[in-house]
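J.: The lines below spell out each chain.
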Amino acid sequence: MPDAAALARVARHRGLLLSLPVIAFFLAFFLFPLLSLFRVSLAANPGGTGYGEGRAFYVPGTWTLDNYARFFGDPYFLQLALFTLELGLLTALATTLVSYALAYQIYRARPLMKSALLMIVILPKFTNVLVLMYGFLVVFGANGLLNRLLLATGLVREPVQMVYNLFSVILGEIVLILPYCVLVIAAVLHAIDPALEDAARGLGAGPFRVFWEVTLPLSLPAVGVAGLLGFIWGVGAFVAPYLLGKPELYTLAVEVDRQTNWRLNWAMGAAVAFVLMAIIVGLVFVFMRLGREPAVEARA
Amino acid sequence: MTAGVMARIGWVALLAVNGLTVCLLLIPLVMSLAVSLTPSEFIALPTDRVSLRWYTEFFGDFRWISALTNTFIVAGLTMAISFPVGLLAAIAFTRYHFRWRAAASTAIIFPLFVPSVVLGIGSLTFHRTLGIWGTPLSLAVAHSLWAIPLVFIVLKATLAGVDRSVEEAAAGLGASPLRVFWEVTLPLVAAGVFVGMLFAFIISVNEFIMSLFLSTPRTRTLPVVIWPQIRYLLTPIVAAASSVIIVITLLILVIAARLVNIRRLVEFR
Numbered sequence: 001m002p003d004a005a006a007l008a009r010v011a012r013h014r015g016l017l018l019s020l021p022v023i024a025f026f027l028a029f030f031l032f033p034l035l036s037l038f039r040v041s042l043a044a045n046p047g048g049t050g051y052g053e054g055r056a057f058y059v060p061g062t063w064t065l066d067n068y069a070r071f072f073g074d075p076y077f078l079q080l081a082l083f084t085l086e087l088g089l090l091t092a093l094a095t096t097l098v099s100y101a102l103a104y105q106i107y108r109a110r111p112l113m114k115s116a117l118l119m120i121v122i123l124p125k126f127t128n129v130l131v132l133m134y135g136f137l138v139v140f141g142a143n144g145l146l147n148r149l150l151l152a153t154g155l156v157r158e159p160v161q162m163v164y165n166l167f168s169v170i171l172g173e174i175v176l177i178l179p180y181c182v183l184v185i186a187a188v189l190h191a192i193d194p195a196l197e198d199a200a201r202g203l204g205a206g207p208f209r210v211f212w213e214v215t216l217p218l219s220l221p222a223v224g225v226a227g228l229l230g231f232i233w234g235v236g237a238f239v240a241p242y243l244l245g246k247p248e249l250y251t252l253a254v255e256v257d258r259q260t261n262w263r264l265n266w267a268m269g270a271a272v273a274f275v276l277m278a279i280i281v282g283l284v285f286v287f288m289r290l291g292r293e294p295a296v297e298a299r300a
Numbered sequence: 001m002t003a004g005v006m007a008r009i010g011w012v013a014l015l016a017v018n019g020l021t022v023c024l025l026l027i028p029l030v031m032s033l034a035v036s037l038t039p040s041e042f043i044a045l046p047t048d049r050v051s052l053r054w055y056t057e058f059f060g061d062f063r064w065i066s067a068l069t070n071t072f073i074v075a076g077l078t079m080a081i082s083f084p085v086g087l088l089a090a091i092a093f094t095r096y097h098f099r100w101r102a103a104a105s106t107a108i109i110f111p112l113f114v115p116s117v118v119l120g121i122g123s124l125t126f127h128r129t130l131g132i133w134g135t136p137l138s139l140a141v142a143h144s145l146w147a148i149p150l151v152f153i154v155l156k157a158t159l160a161g162v163d164r165s166v167e168e169a170a171a172g173l174g175a176s177p178l179r180v181f182w183e184v185t186l187p188l189v190a191a192g193v194f195v196g197m198l199f200a201f202i203i204s205v206n207e208f209i210m211s212l213f214l215s216t217p218r219t220r221t222l223p224v225v226i227w228p229q230i231r232y233l234l235t236p237i238v239a240a241a242s243s244v245i246i247v248i249t250l251l252i253l254v255i256a257a258r259l260v261n262i263r264r265l266v267e268f269r
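Going down the list, the sequences are from chains A and B.
Here the numbering used here is used: the first residue of the first sequence is 1, the next is one more, and so on.
Here the numbering used here is used: the first residue of the second sequence is 1, the next is one more, and so on.
Keep in mind that the hints were calculated from the coordinates and are not lab data.
Examples of chain A residues toward chain B, derived with CB under 10 Å: (1) L18; (2) L137; (3) M277.
For glycine and all other residues, C-beta sits at the position ideal for the given N, C-alpha and C.
Make a model of the complete structure from these sequences and hints.
T.: Shown next as structure tokens:
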């Protein structure tokens, strides 16, 4: 009979062995692409169309900081970065508020309604982002169904411009990001011990006070996580600014596409993508520091 | 008394806000489906009769058919890559303790928090160096960056729900770990495993941004072909193409919902 220590040793190796494919995959197709991205952002740009012989997309083997110098020396790019940040924060704020309201409703709903609401929340995540944006344009566009209705009823004389503004971009992003935030908040709400709310009620607190003094404080960590998720995805916004916005509402992510796929300047595209990544990592770091400090105080 | 009134007002306001949110989530889908059935040349609801003319056009056009074929090839490959990788990792994380466990778990879900644009251009430069740029494999590998974490999360939750004493009983009766998994664990988690596979498929069918960067004229998927059409011309053919994606996704989701209880997503107890 093999001893327990030997068995444990085999088991430990078995766990690592089973995770080997996933580790290998992420080294090969996640880490290396990010390294490759950084490398290409330090290459000279081709200057040509990209399809000429030899000089395609970037000049291999060159090292230069030109792309970053151009980014930080050009008001156009700096303005773009600032707007992207602004949009990310606005999106995070709006999404978190809307998500909390919906998550709370899901938490309170009866089983059948709960399943239905969850299905509605998850559905957009399993649908193509383009389908969602198309549906938006079909309804709210200048030639859209809502404008047709307004014109037909004589309420307005000419089509109302409801898309291609900041509001429509944020609305579009909310639809894209909300599912994750709702799930995070709903999961934490469901994990709250029902006895705590019962106790508050038993002590004479009204429903509003139970929510304000018991449920809300207990779910605040989830609000923080949802806000962070909203911010991460809001800063990376690409589809909504492109389809529901206008050039003044374009983001860094849109610029990555324009540099890479339109100008065929992969080097500049990579540099912009790297700056975008750095902004996100930097702010997540700041948020986490901010989130940790009150917790430390509370413990002390 | 006043507190009760306040709570009542609060509840009504909550219902109103959530009603609007639900509309915002559902209307685009419903409208795409409805518009695809219009007999008109333009975007309009089918008021007097429905027509399949835009579907006829969709299935009669070489470009759309080839996009649909590409979409299925890439989704199949994504499933083939992400399912075994995700399953093995889920087994490792629910059944064994090992070194670098925490680090590996973070690494697995990390790609979900990197903008797809960054993943897209990173994969583009790397896949070109690697020589797989322009093949369906290149797209499938990128889609797996998202599919593996989700397969992993679903399968981990499913495997964690299995009563360990049943497995221990089988092992005690002399079954090897492989046999325990094959004859005891797998039948117990078959539904969850199947759902994990379906998720990988759906994610790939709907993924757009990475595909935009990685696809070449030979490997364009359905979303990539829809993209310029939405930006420049809004004909009902886009609604038909969108509806094809919606119907594929809905069919798969309905199957999945029959197999597992959706409420488990938020209720752990």
